[in-house]
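**Student:** One letter stands for each residue in the lines below.
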Amino acid sequence: MFSKTERADTVDRPPSPDAEKGAPVAVLSGARLSYPGIGDGGPEANGAEVDVLRGIDMEIGAGEIVAATGPSGSGKSSLIAVIGGLERPTGGEVKVLDIDLTTAGEAARTDLRRRNIGIVFQSFHLVPAMSALQNASLPLMLAGNFEAESEAAKMLARVGLSHRLNHRPSALSGGEQQRVAIARAFAAEPRLVLADEPTGNLDQATGDEVVGVMFDLVRETGASMLLVTHDESLAARCDRTIAIDNGKVRDTVGS
Amino acid sequence: MRDRDGRDTAAPLSRADQFRVLRALVRAEWAAGIFGLRLFIGCVAIATFMMGTVWMLGDGLSTMLSRGGTTFLGGDVSVTTTNVPLPADLADRLSALGAMSEVAELRSSAQAGGERVAVELKGVDGAYPLYGGVTLGSGRDFRTVLNRTGNVETEGRPAAIVEPTFLARTGAGIGDVLRLGGQDFVIADTLSQEPDRLSVGRFMVGPRIIVRLDALRAAGLIQRGSIVEFRYRLRDRADAPDDLVDAVRDLRPEAGWELETPADAGDRVLRTVDRTTTFLGMVGITALAIGIAGAWAAAKAWVRRRIRTIALYRLSGATPGMVLALHAVIVVFASFLGLAVGLGASAAVALPLLDVITTRLHVPLATGNVVEQMATVALILVAGLAGTGLLAMSSAAEVSPGAAMRSGEAPPSANPLHAAAGAGLVLFALGAAALSLPIPVLAGLMTLGLAAAIGVLALAAAGLAKCVSRRRPRGFLGTVIRQSLENAGHTATRTIAIGVGIIGITAIVAAQNSLQQALTQELPERVPDLVLIDVQPDQVAALRDRVEGDPGLEGLQADPFMRMTLTQVNGVPVEDALVREDKSWVIEGDRSFSWAAEPTGAALLAGDWWDVDYDGQPLVSPEEDLMEAFDLTVGDRLTYSVLGRTFTSEVVNIRKEYHRTFRPEYLLLASPQPFRDAPHTWIMSLQGKTDAALDGLIRDVSAAHGNVTAIDIRPLVAQVRGVIDGATLASFLMAGLLVVAGAMSLAALVAADVDARRQEALVFSVVGASRREIALVRLAEAAAVGAIAAALGGLAGMVGGYFVVTEALRVDWAPSAFVFVLPVVLGVASSVVAGAVGGLGAVPGGRGQLVRHLAA
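So the sequence lines, in the order shown, correspond to chains V and W.
The first sequence lines up with residues 1 to 255 when you count with my numbering.
The second sequence lines up with residues 1 to 856 when you count with my numbering.
To be clear, the hints were calculated from the coordinates, so they are not data collected in a lab.
Errors might be hidden in some of the hints.
To be verified - Not the full set, but computed from the structure, chain V residues with beta-carbon under 8 Å of chain W:
| no. | residue |
| --- | --- |
| 1 | Gln134 |
| 2 | Pro139 |
| 3 | Phe146 |
The C-beta atom is built at its ideal place from N, Cα and C for all residues, glycine as well.
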């Protein structure tokens, strides 16, 4: 477990303007998200709405690492989807880097993800037909960076995969696949990284390695991170932990 | 290791146990339904439907026509003469060789119910028919009805059996009086089926009327110079029909006759049916190729969707063989469902159509052939589907149990042995389909052409993949496009699946258009409205005055009309002198002949006309067709027989042929002497400015010249137009069905891609790609594939279409501009659909769907 002091020692990044000002990168007030009900016939079969987020109030400060914990189905993944602009909140207010995601169009949300948000999933979500290098380059390419592959290669080296650049996901182990996903998430130097159970599919040792890499990268790049996890010990390594239950913030631990 | 019951759990399952396990798995899968294979079933059904319909119709008709030769001919051998009957002594010698029946056929006019209509008259003797039976509307016995002469009921009038259309046109009914020439007949019954109808071998100008031969003679219609065909049919008594034919051939008179055997009977119809069937068969084979491509894509998509499930089966201890067997059983069920639907639909379409056609041709319907054809089609499709299934499902057996646990698992590729066997089976199915057509060489060549075109498509796609893989794009679009196209096998597969559809549809539409053009050209813009036949020379002047004095009539053309049989060219029998097989019709039977004192106005290809006052030995002017048949030049000598006399004349010029004008045209034209004074009739054709003027002339002719038959061309033209419209509609329907088959195939292909692409699109979306960018990638990628498929497929389709048009249909190549546009349209459409579905459709749209997919 890192203390704030220990972390300060390891951080090696220029402080962002927001950090200097201490402005939060994400602010949620009364954020709500409801999905159409699901019956046997699939979504919207019975028409009843399912409230997944029921008024979330939270902030993620610049450079802050926040853990979100809670039982399955409590709304953790949906929280990531809302902050990542993957789902539009159905109520309340969600602002990420001063962009109001309740009203922002798809283009604005896409642009936000492309330039400022990196996402890591439990099940990696790599493009099966692409090599590790191509997968990691994607966000850079989308941002119009024509040195995408060389920068992605550096990032892959940073996560310890310089020897696996041209391997496809099917030829990589779970830990390696997740490291490619991490390299991809950090490649475009995002201001906010969202990680949804990144160690859920990995053994303890591999999970620790992967988390170590992620924390290091967050510190190095000065990004903020929202980390969804079931793992209490992992949550304890974060600056702050919010406990989510039934779509609401039940508790906050840490400053 | 032993279980609680003491069984050795490490021992492999017995066959019976394996079967039990398989049955249990199939039951479980069955409960879930085979909805996932709906596109597969659709592709199989549509291919089966198209093949089934064509095979049942075409081969059914061919078999019926070839089996019924003696019936259609009316005997084991038949000889025909025109104008004059055989001399009595020759007829006697013929009748000594076997049971003989004599029939006379002519075009005439009949009056009944106050109307006078052109009819196809047939006089038959007591022995007719030697083979088959005449079916009457009332169901009564033909001979009994025909011989019902002289009784009280008919007041001594002979009986006439008429086709129902005659009653419809005249308003007369059974029992009414019908006048033919100078004789009254009583309408005794209607004609339903005439066994030797196909022996007519020409266009019928009106309804058939059958009377007794002696009554026909008594009516005074068989005069010297009348165009009457006398047919003498013989039935073999010694069970040696070949000897009979030889014996008859030995009796050939110098004036010639037309000798036909059952093999020749209905030959022209059979040839037409064979060519049409082969053409339709190519439509069927194309549908088969498209259907198999679609079925393969659909099966592959289905297997791909099931990779996790398969991995879980493997994880639970299923062997690769068990997995393969389970999927094979499901695909077999789905195949049989598709086959049943397709065959059922084709039977529902083909049987009524076959009934209509056989009724028209007066051929008895034999449904036994239909079952045979259904079995053939089913076997061909089973072979093709077995290959398809093997290609699609081989990868299922290769799925490792670990795939259930891993993400990013690409579907395994098929076992090379399975792939080779699958491809072999598909080729076998295409080959078998070609071989089962009436003209297998033609169909085989077309199938080989299709296979070659597929090979070219594959090579071009592989070339594209190689080109793309050499490039190192830096941007998102370029990288993703490169990644999706650089797999040569995958790119080739998609190009072929789209290309096959484009090849087939382009070829069929091009052929259809040429066929339509050819049929339309059969109808000249200006056709005579009325043709008068059997005009005696002394009636010509009066009729000419009547027509020329009527301002409502115009364009009169009057010619002597005779028939001749060509026997020798420069002293060589015509059979040996023939240099072009496709012109053999010029020596088949009697052909049109006339004489003219003055130039006819036809353009000359060689030579000059005889002088207007030339009255020496006959000189002849053959038409272009004769020149081509024998490589004739001016100065050659032709031997021919007219009205039973044989002449040998010098060719002095060669006339250009004016195709399809409906005007009387003469294959051979002679100088006037000695034909001017020979008994013969004239033929007059004219046009009317108004229908009233024509109707007035028909009435006058009927009143003043009872022997003259007025053939009203107007309804005939309408009939021909109806046939053309029907043929056009039918070929449009076929092309339309091919488009549907192609669309289903494409849908299956897109479905195969969508699942794989959804995962990618999800990732692209997460890392910040917009829907537009994702769609653009897919569009560009599909456009590359679509462009190759459109360019090469379109080219191959046009080459194929050209081949079909010139070799199978034997009509002029006349593709419309649409044919050139069509491949492009299809290529673009496939690209847009693939791009739209693969790009826009791949990103889950509904609220909560993205999270659901990402959490998976």
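**Student:** Which numbered hints are broken by the structure, listed smallest first?
**Tutor:** none
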